[in-house]
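Asks: Line by line, the protein sequences are chains W and D. The first sequence: position 259 = 257 (the numbering used here), numbered continuously. For the numbering used here, add 1 to where a residue sits in the second sequence, where the first one is 1.
Any given hint could be a false lead.
[Unchecked claim] Under the rule of at most 20 Å between Cα atoms (straight-line distance), these lysine to any residue pairs were calculated in the SDA-like manner:
#, chain 1, residue 1, chain 2, residue 2
1, W, K276, D, L77
2, W, K274, D, K85
3, W, K274, D, A89
4, W, K272, D, K85
5, D, K85, W, F266
6, W, K276, D, A89
7, W, K276, D, P86
8, D, K130, D, I61
9, W, K276, D, S92
10, W, K274, D, S92
11, W, K276, D, S91
12, W, K274, D, W93
13, D, K280, W, G74
14, W, K274, D, I251
15, D, K280, W, M77
16, W, K274, D, I82
17, D, K85, W, L268
18, W, K274, D, K130
19, D, K280, W, Q83
20, D, K85, W, M77
21, W, K272, D, P86
22, W, K272, D, S92
23, D, K85, W, F273
24, W, K272, D, F158
25, W, K276, D, R88
26, D, K280, W, F273
27, D, K85, W, L265
28, D, K280, W, V76
29, W, K272, D, A89
30, W, K276, D, K130
31, W, K272, D, I106
32, W, K274, D, L77
33, W, K276, D, A257
34, W, K272, D, I61
35, D, K280, W, R78
36, W, K274, D, S91
37, W, K272, D, Q81
38, W, K272, D, K280
Since the hints were derived computationally from the structure, they do not count as laboratory data.
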Amino acid sequence: MEYFVALLELSGIFVILAIGVNYLVGNAGVMFVGQIAFFAVGAYATAIMTTLFGLSPVIASLAGAFISVGIAAAFGLVMRRLSGQFLLISSLGLCEIVRSLVNNATFSGGAQGITIPESLFSNTLLPRPLQMPLLELALLALEILFFYRLDRSPKGRLVRALRDDPILLTSLGYSTTRIQGEVLIMSAVWASIAGSLFAHYSQYIDPTSFTMIESLMILIVVMIGGVSSIGGSVLAGIILIILPGILRLLYLPSSVVGPIHQISFALFVLVVLKFKPKGILGRVTLP
Amino acid sequence: MTLFLQLIVNGLIAGSIYALASLGYALTFSVNVNNFAHGALIMSGGYLSYLFIRYLGVPIWISPILLVPIGFIVGLLIFQIAIKPFRALSSWSAGIVTTLALGIIIENTVLMVHGSDLFSIRDLLPAPKIFHLLAATFNIIQITLIVISLAIAFLLFGLIRNSGPGRRLRAVADDRLASEAMGINTDAIVLYALILGTTLALVSGFLLSLDYDQDASIGTALLIKAYTATVIGGAYDLHRVVMAAFALGILENLIAGYVSTQFTLAGVFLVLIAFLILKKEGLGTLGLRREV
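Work out the full structure, taking the sequences as your base and the hints as a guide.
Replies: This is the structure in structure tokens:
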């Protein structure tokens, strides 16, 4: 049971990450999949500021989000020269650059990583096992509300126009670079918050959790659930939980569970794309 | 100076392996297919050769020849599973995700069979003869490796320039719609490019494991390097892709020697991003078509 709760908590974090990726990829049509870079920034900001400087977790995650906004804004300046697959590859590059920096810097503990003590949440009234699930649910609800409202606002229509007809948008006097940058920053903030949650969840972070393969896995989650569909990302996240749960029930040796999990995930995306090219709940075709 | 010379020599050796890997990638890239399983295929080429030589007692010269029919079958499978069903979608990202999924399957299969330990043919061979030139040291295997790689590259240039399918491939790369109108079966050409690309990936994996230790997860880095050489070379000009691959090998060894081995892939990425921003058409004459 504890195992399933832990899986549920972990998948909640990845759903928060995936919804942000989905909005950027699905609604804005911007193929930036490097959110793992911001995820890493959030996780490391939380780990370093809470353990070394003794700051509160909220301030630490806000600081992480702030740094992520800075990186996203800088990348946004570069991004107007990139599109399509070149943007996808470059965003993987951002992941690798961030990963190799934290892997070699002394402040981040290098390859050894950082341990975060469990006691950080102790000064709240809630019992320990409920803290993480409730925090995640609250943040998830906030995020879904945020993107749902955004999608139905005038801004959200501009974002969808960016995907469907950027030339029209330019001819109407809107700056596509600016809209792209704004959506990238929103996505980066949520990725950073998810990273902060991840640091508290796993209580130990090292650079192996932030490889570009993880970024591509998030893209696969988004595509399984359906591009431009919040519900789809939540659903794909839940599938992410069920899969290792089933594998666990088969009593496989632990060295095989990891690879089989990834293989079954890869087979799953092939089957979904074959029969439902838009993803399970997707409304638009992939870019 | 000693270090510099040695790094250049090491770079040429690495570059000759990247050259074949990048040629394989560039062939499929030129007909608008991004094969993200390419890195895993390179890795599996090394692993298959390791299996052949270690457990089946295949002579070392035979194992790359065995990889050719395997490349044919695997290329066909990739086309049938990951490319053909999604051609009608006209979605470039679907192709990336499906080939990526195949790559994940290949990588994790090796991980299940072999675990995360290193493997290399190098350890199975007798100690090679070592040469000294100026201040640089290299061995007979490394020279053979460069020669084989260049020989295969020139064979491929001839094939693409003069053979019928090669000419059709260049036509499809240049203008797909016009080639279709002229009666070229573009699906067959994509399949042809994939089979050639897969075979080249497997063979470059064999060459890689002659001189390097690999593990199951090496594929992603190799994919990025092949992609980078393809883009810098300009994709349609295979000569320049080979030159870019050598330049990349040297650059990577210079970073490893003077900065840190930890930053080689990040350095490759920086070069790639700089090229994409400043000179998207690459060094190639035909250049990549710009997206509007």
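Asks: Could you work out which earlier hints the structure fails to respect and list their numbers in ascending sequence?
Replies: The structure conflicts with hints 1, 14, 18, 20, 24, 26, 30, 32, 33, 34, 38, although it agrees with all the remaining ones.
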